[in-house]
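A.B. asks: Read off the chains here:
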Amino acid sequence: MSRDRGMFARSLVGAAALFAVVGLAHAQDALKIGLLATLEGPFAAGGQDGIRGADLALKQKNGMAGGKKIEFVKVSSDATPDKAVGATRKAVEQDKVQIMIGPLSGDEGIAVKNYAKTQPNITFVNGSSGAQATTLADPAPNFYRFNTEGAQWMVGLGEHALSKGYKKTFLIAEDYGFPYSQVQGFMASYCAKGGKVVDKAWVPLGTKDYASVIAKIPKDIDALVVVLGGADAVNFLTQYEQAGGDKPMVGGSITVDQTVLNFKGKRRESLLGTASAGPMADSIDTPEWKKFVADYKANFKDGFPSPSLFAYLYYINTKATLDALDAVKGDLSNGQKAYREALQKTDFKGPAGEVKIDANRNGVGTTYITEVAKAADGSFYNKVVKQVPNISQTLGLPEAEFKKMGLGSRDVPDCRK
Amino acid sequence: MSAAQWRRAMNSSAAAAAAVRGSATSAVVHPMPRPASPVSTDGGSWRSLRSAVGAIGARHVIVIVALFAYPFLATPFFTYQIGAQSLALGLIALSLTFLGGYGGMVSLAQMTVAGFAAYMLAIFGASSNVAISLGWPWWLALIVAVSLATILAAAIGWLSVRTEGIYTIMITLAVGVAFFYLAQQNYTLFNGFQGFSRIAAPTLGELDLRQPVPFYFLVLACALAGYFFVKHLIRAPFGVALQGIRDNPRRMHSLGYNVTAHRVGAYAVAGFLAAVGGILMVWYNGRISPGTVGTGAMINILIIAVLGGMKHPIGAFIGAIVFVLLQNFAIDLVDRERFNLVIGGVFLAIVLFSPDGLLGLWHSLRTRASGRFTSRGTSRIHQ
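Heads up: the sequence lines are chains A and B, in that order.
Position one of the first sequence corresponds to residue 20 (my numbering), numbered consecutively onward.
Position one of the second sequence corresponds to residue 110 (my numbering), numbered consecutively onward.
Keep in mind that a hint or two might mislead.
What the hints assert, rightly or not - Looking from chain B toward chain A, a few residues come up when the C-beta cut is under 7 Å (computed):
id, residue
1, Phe-186
2, Phe-302
3, Asn-394
4, Gly-400
5, Asn-437
6, Ile-440
These are computed hints drawn from the structure, not numbers from a lab.
Note that CB positions come from ideal geometry on N, CA and C, so glycine has one too.
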């Protein structure tokens, strides 16, 4: 018995010692900013690029803001809300950061916003999450999002589809929050201007077999609206081609990316002219964007050929965070009151258009409508055909009308007939 | 039959069982602990009560005092995210330790049972999704959730008791993955990908169980109750018979025990523990979605149980503390993109150097340090 007695006592002492070491190993010489991204799980590559975007914003200021040296406390989640909140709580309560940047994905954003309410003295800035409800339903007074979200990214695409003559469409999208928002952004104006989405097929994330969906596609439609990401989009395209499908497509913000553009099937040529929309595009022709891409390439040899959506969104959110620190000269006293006023006044020309926020602390920005085009070397790229500036979270509708419609879901909006 | 008679029956066959165990004919799949040896050879409630009191040693007092003092010494972060989370995860892992260590059945579906209880609490109780949640009072929803999860666990047990070893793992994995996809794709009941949020712990009068310290004590109370319940059960007739079945089901069958019933019963008991752990987890997170019951989460429970050691109920909690500490602080030790390497490396090292987890490591160190006690070695591990 004494053997066990010793074991219990000692394991306890050991645990206590470990707690003490971990708890005390912190110094207070620089301003700490927490940085949360998904460094594990399905979005690990995106999370890593998001970190690059944040690092770039800090590097452009030589690691200083508001007269203080800035230290990033990096924490990771695996795209689940539970882990995002756990990691945020660690950065805020254990590492004592005063400003927190993150997270990456939509449901994480809602969970972190709810946690933000329990920490009124800390300012939270979004990373790249794009759920509508984060700032529309029950917003937190200390959660700021300088980027636009999933529904805003699709505004203007509806009119563009109509102008191409797509009057009746069939929708296929993944069955979770982000596509719901994207579909709403598309349908809000598409339905209002007389377009019809005859049916919606919601498929689970990671679906491999689309045979049953393809069989349901009616013959008399003008185009398909495809809001799928990465491998799902490629799988759908391949199977649609094999089934002899020939309708043109309209894509979501993450549908027509490099994996789809490098698609090698016979239908490759038919991708030409596929319209999609998003908060940025690889081919934006402004000096700001070109400088951003050049800086990114110069700093990150192991990065992507061109900054991803995540790098861009983390970059603008981090830049807004640091710029506001400069504006108040690093003064975070008085419950960060002055700092938050500075954040609210943020208005700068980012790589892809103006960055500013509305009364709910959500970004108001530009959406880029793109079409797949062929470059001189035969490769495909997304060519910017139209810019829609100043898109608010109510998608250009009056607020009352938007509220009547409600947030995007499986059945909202609806215009079958 | 009294407890003492059970123990005598087990004891008289111990030598024969040991002989069988030594040879290749043994049906034991895992190197599991032996049946608990009886405390006293004759029954009598007075004697057993005295021995129970005598079993409370300094180690118990120290651990309990430390556990009670902990939230007043630690920061809210350590109280809530490290302390409460470890104990809640430990309770779920305890259900696996009981099932695996004493029943010889390694089930990967313990997290599924816990998640099912959490989902049931969200569906019958209150959550952000008013269209699905029925909004019953929390205590009623709690009782219904735990009962349904226990029934589910018994059903999983009934399905998987016909299998042994790796096949049990496979069938419980299949059940768990099936439930994950059901939860992810069903919208009428489980609300699909998004699940339920705003499932808060109740407020009892003045006591807000959402606050770190009250919540810690709630979890601590459940963990202690679960721990002593398992400690008691493994020495009760049911637990002793279960260990007999683990070591030699055919012998137990020929002695007249209903092997299947005991095993299903063990699943139900473990399911009850996991369900309580699942309720605590959902209150801790405030939400439940399919990711909580995914394959990764199911395997984490196995990792925790193996990490701590399955020869004693305390192993589950030690494993959970180490697991939670690593998950939170590994990122501070090394480069941000490589921190999972530390977590994996520690798990690998523990399993490699000590098949019985941290408890086994501790015992082998002690044995090496004091060689003269070697002969008294492992037979007392349970107690």
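A.B. asks: Now tell me, hint by hint, if it's right for this structure.
C.D. replies: Structure-based check of all given hints:
| no. | hint | in the structure |
| --- | --- | --- |
| 1 | Phe-186 | holds (4 Å) |
| 2 | Phe-302 | holds (4 Å) |
| 3 | Asn-394 | holds (5 Å) |
| 4 | Gly-400 | holds (4 Å) |
| 5 | Asn-437 | holds (5 Å) |
| 6 | Ile-440 | holds (6 Å) |
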